[in-house]
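Trainee: Each chain, letter by letter, is given below.
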Amino acid sequence: MNTLELTGITMVFNQGGANEVTALDGIDLSVAPGEFISLIGPSGCGKSTLLRLVGDLLSPTSGTAQVNSKTPHQARLDRDYGMVFQSATLLEWRRIAENVELPLEVMGVAKAQREATAREMLELVQLEKFSDHYPWQLSGGMQQRVAIARALSFKPSILLMDEPFGALDEMTRERMQMELLRIWEETNTTIVFVTHSIPEAVFLSTRVVVMSPRPGQISDVIDIDLPQPRVFETREDTRFFELLTKVRESLRKVEGEEPGA
Amino acid sequence: MRNRRVRTVFSFVGILATLVLLWEGYKAMGAATGGTWPFTDVELPIRTNERSMPHVWDIVSTLFSEAQRGRDELLVTVLLKAALFTFRSALIGFTVGSLVGFGLGVLFVRSGLAERGLMPYVVASQTVPVLAIAPILVVWSGRLDLPIWVPVGAISAYLAFYPVAISTLRGLRSPEATSSELMRSYAATPNQVLFKLQIPAAMPYLFPALKVAATASIIGAIVGELPAGIREGLGRAILSFASSFSSAPEKLFASVLVASLLGIVFVALVTLVERLTIPAGNRLDPNELAMAGQGGAA
Numbered sequence: 026m027n028t029l030e031l032t033g034i035t036m037v038f039n040q041g042g043a044n045e046v047t048a049l050d051g052i053d054l055s056v057a058p059g060e061f062i063s064l065i066g067p068s069g070c071g072k073s074t075l076l077r078l079v080g081d082l083l084s085p086t087s088g089t090a091q092v093n094s095k096t097p098h099q100a101r102l103d104r105d106y107g108m109v110f111q112s113a114t115l116l117e118w119r120r121i122a123e124n125v126e127l128p129l130e131v132m133g134v135a136k137a138q139r140e141a142t143a144r145e146m147l148e149l150v151q152l153e154k155f156s157d158h159y160p161w162q163l164s165g166g167m168q169q170r171v172a173i174a175r176a177l178s179f180k181p182s183i184l185l186m187d188e189p190f191g192a193l194d195e196m197t198r199e200r201m202q203m204e205l206l207r208i209w210e211e212t213n214t215t216i217v218f219v220t221h222s223i224p225e226a227v228f229l230s231t232r233v234v235v236m237s238p239r240p241g242q243i244s245d246v247i248d249i250d251l252p253q254p255r256v257f258e259t260r261e262d263t264r265f266f267e268l269l270t271k272v273r274e275s276l277r278k279v280e281g282e283e284p285g286a
Numbered sequence: 146m147r148n149r150r151v152r153t154v155f156s157f158v159g160i161l162a163t164l165v166l167l168w169e170g171y172k173a174m175g176a177a178t179g180g181t182w183p184f185t186d187v188e189l190p191i192r193t194n195e196r197s198m199p200h201v202w203d204i205v206s207t208l209f210s211e212a213q214r215g216r217d218e219l220l221v222t223v224l225l226k227a228a229l230f231t232f233r234s235a236l237i238g239f240t241v242g243s244l245v246g247f248g249l250g251v252l253f254v255r256s257g258l259a260e261r262g263l264m265p266y267v268v269a270s271q272t273v274p275v276l277a278i279a280p281i282l283v284v285w286s287g288r289l290d291l292p293i294w295v296p297v298g299a300i301s302a303y304l305a306f307y308p309v310a311i312s313t314l315r316g317l318r319s320p321e322a323t324s325s326e327l328m329r330s331y332a333a334t335p336n337q338v339l340f341k342l343q344i345p346a347a348m349p350y351l352f353p354a355l356k357v358a359a360t361a362s363i364i365g366a367i368v369g370e371l372p373a374g375i376r377e378g379l380g381r382a383i384l385s386f387a388s389s390f391s392s393a394p395e396k397l398f399a400s401v402l403v404a405s406l407l408g409i410v411f412v413a414l415v416t417l418v419e420r421l422t423i424p425a426g427n428r429l430d431p432n433e434l435a436m437a438g439q440g441g442a443a
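Protein chains in written order, with our numbering: chain A, 26 to 286; chain B, 146 to 443.
It cannot be assumed that every hint is accurate.
Said to hold, decoys possible - Computed Cβ-Cβ distance ranges for the label pairs, DEER-style: (1) A:G133 <-> B:E377: 50 to 56 Å; (2) A:Q138 <-> B:I423: 50 to 56 Å; (3) A:V246 <-> B:S256: 43 to 49 Å; (4) A:Q40 <-> B:S156: 56 to 62 Å; (5) B:R329 <-> A:S94: 48 to 54 Å.
As the list claims (entries may be wrong) - With a straight-line Cα cutoff of 30 Å, these simulated DSSO-like cross-link-like pairs (lysine-lysine) come out: (6) A:K95 <-> A:K180; (7) A:K136 <-> A:K154; (8) B:K356 <-> A:K95; (9) B:K341 <-> B:K356; (10) B:K356 <-> B:K226; (11) B:K226 <-> A:K180; (12) A:K180 <-> A:K154; (13) A:K154 <-> B:K341; (14) B:K226 <-> A:K136; (15) A:K95 <-> A:K154.
Claimed, not checked - Covered stretches of chain B (chain A as the covering partner; in silico rule of three or more C-beta atoms under 8 Å from a C-beta of chain A): (16) 165-178; (17) 324-332.
Read the hints as simulated data drawn from the structure, not as lab findings.
Ideal Cβ positions, reconstructed from N, Cα and C, are used throughout, including at glycine.
Chain A extracted, bound-state conformation (with noise of 0.2 Å):
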């Protein structure tokens, strides 16, 4: 059973007003347990779209979305999601491990429960420390650990990751990628992750998913048969760079652009 099985899945937004616009056109793409795909393509060909639709944050205009052999929307109900975005969004008037327990909270988790499950989370992420802190005492990389725990913190089947790194320096977004991996090892969630990034498409996942925009479709999709688990010598590895130049080339025909990095 495929945790993520997508058939025709187009997405038509304005259908019919001045301004249509198809953002997606006939993806299909199957996702096994466990995997980590990286959506990639340049702006404006749909990947966040897509993943909002496996999500159920958006319907599509036809094609049909199985999360687990459910409809996305059963799924959300079941809680089967976690999300991270670009932006951390911790709520400012809750501390850190108020916030890990936000979802908790809102499924009916008992108190000492909660508490109990945050602190794990918080291990996991190595916030431990932090958890009596305000949002904004916490800089940019941590913010994102904390909702990544958040994310984690009521176990779901499938995590989905918007450019999750996409506002971190260069530095601690490497650091944030290996430590991604070890959480990934660690809990066997099947993670969909958009990126505008090559080098964090390839290092992260075991499968690429090219993408060309106007209409959105899937060009490629490549394998990344690097060894698991992966290092820091992995970005030094020969085969690394060969991958890294396969989808940058794939991502060339796509538009003759470079995606924005």
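Got chain A; can you put chain B on it based on the hints?
Mentor: Showing chain B alone in chain A's frame:
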């Protein structure tokens, strides 16, 4: 922190002193030139004699003289009692008005239909002069045998609800789109979104509106007392001192001072509640921001 408080007190006293100096300076200038701008024949816009602009010390000393000949009650006592009476009506108006305003904000954020349908009336309500509404409400509630504080409180609430409704709506809509998407991904109910996301996010917007509502509710109470024929409040005091303005102008200025004092005290009370309600971490202080280093990066 302590340093800043001292500076606040200094600036308050400094501005007060400046205002007194300007007032007395203007009077002195008028006295010296015979009522014209210096070196011209152009008359000053406001006459500087004692009947138009009494001396500041006359205004203050009239506060501490007997209110009426033959009665040993001081004017300040009379005015403070009146202010306390008016404050009670204003407090009713403020409470009712704020609750109604907050309720409307919640209703509007929940239902676009309610917002589109009701918002024009909410806006229109504030363009109708309260002077016209006040006697209508007094007559109606007299017909219904309601106690007299009901129409006065209602008039006060009528002015107070508007800023609260507008700011509550603005505040409830203030969370980022991604925060709402997060709540949606948790399959949160509309009530959970309201209580866990929207209302906490609205608090910083709510308190400035409550300060506006506090002063508006006092105006409403004062205006409402007049057609209601209430003798104990500031409205009556101001009206009777206004009618004897030409003979005893300092008394009207004295009652204006007390009315302003009432407004300042009311707003200070709201500020105190704000400090107690919003956690320190959510009230950003420049010093704390600097300490947090790159905390504002995200």
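Trainee: With reference to the structure, classify each hint as holding or not holding.
Mentor: Hint-by-hint comparison with the structure:
1. Distance hint check: the CB atoms of G133 (chain A) and E377 (chain B) are about 53 Å apart, consistent with the given range 50 to 56 Å.
2. Between Q138 (chain A) and I423 (chain B) the Cβ separation comes to about 29 Å, which falls outside the hinted range of 50 to 56 Å.
3. Between V246 (chain A) and S256 (chain B) the beta carbons are some 45 Å apart, a value that agrees with the proposed interval 43 to 49 Å.
4. At roughly 60 Å, the beta carbons of Q40 (chain A) and S156 (chain B) sit within the given window of 56 to 62 Å.
5. The hinted range of 48 to 54 Å is not satisfied by R329 (chain B) and S94 (chain A), whose Cβ atoms lie roughly 22 Å apart.
6. About 18 Å separates the Cα atoms of K95 (chain A) and K180 (chain A), which keeps this hinted pair within 30 Å; it holds.
7. Between K136 (chain A) and K154 (chain A), the direct Cα distance comes to roughly 20 Å. Compliance with the 30 Å bound is thereby established for this hinted pair.
8. Under the criterion of a C-alpha separation no larger than 30 Å, the hint pairing K356 (chain B) with K95 (chain A) is inconsistent with the structure, at around 51 Å.
9. Of the supplied pair hints, the one linking K341 (chain B) and K356 (chain B) holds, its CA atoms being roughly 24 Å apart against a limit of 30 Å.
10. For the hint linking K356 (chain B) to K226 (chain B), the alpha-carbon distance of about 23 Å falls within 30 Å, and the restraint holds.
11. At roughly 63 Å between alpha-carbon atoms, K226 (chain B) and K180 (chain A) are farther apart than 30 Å, so this suggested pair is violated.
12. Distance hint between K180 (chain A) and K154 (chain A) is fulfilled; the C-alpha atoms sit about 22 Å from each other, no more than 30 Å.
13. A threshold of 30 Å between alpha carbons decides the hint, and for K154 (chain A) with K341 (chain B) the separation of about 25 Å falls inside it, so the pair holds.
14. For the given pair, K226 (chain B) sits about 50 Å from K136 (chain A) by alpha-carbon distance, which is inconsistent with the 30 Å threshold.
15. A distance of roughly 39 Å separates the Cα atoms of K95 (chain A) and K154 (chain A); the hinted pair therefore is violated under the 30 Å criterion.
16. With 0 residues having a Cβ less than 8 Å from any Cβ of chain A, the stretch 165-178 of chain B misses the three-residue criterion, and the hint is violated.
17. Residue count for the stretch 324-332 of chain B with a Cβ under 8 Å from a Cβ of chain A: 8. That meets the three needed, and the coverage hint holds.
Checked against the numbered hints given earlier, the structure breaks hints 2, 5, 8, 11, 14, 15, 16 and satisfies all the rest.
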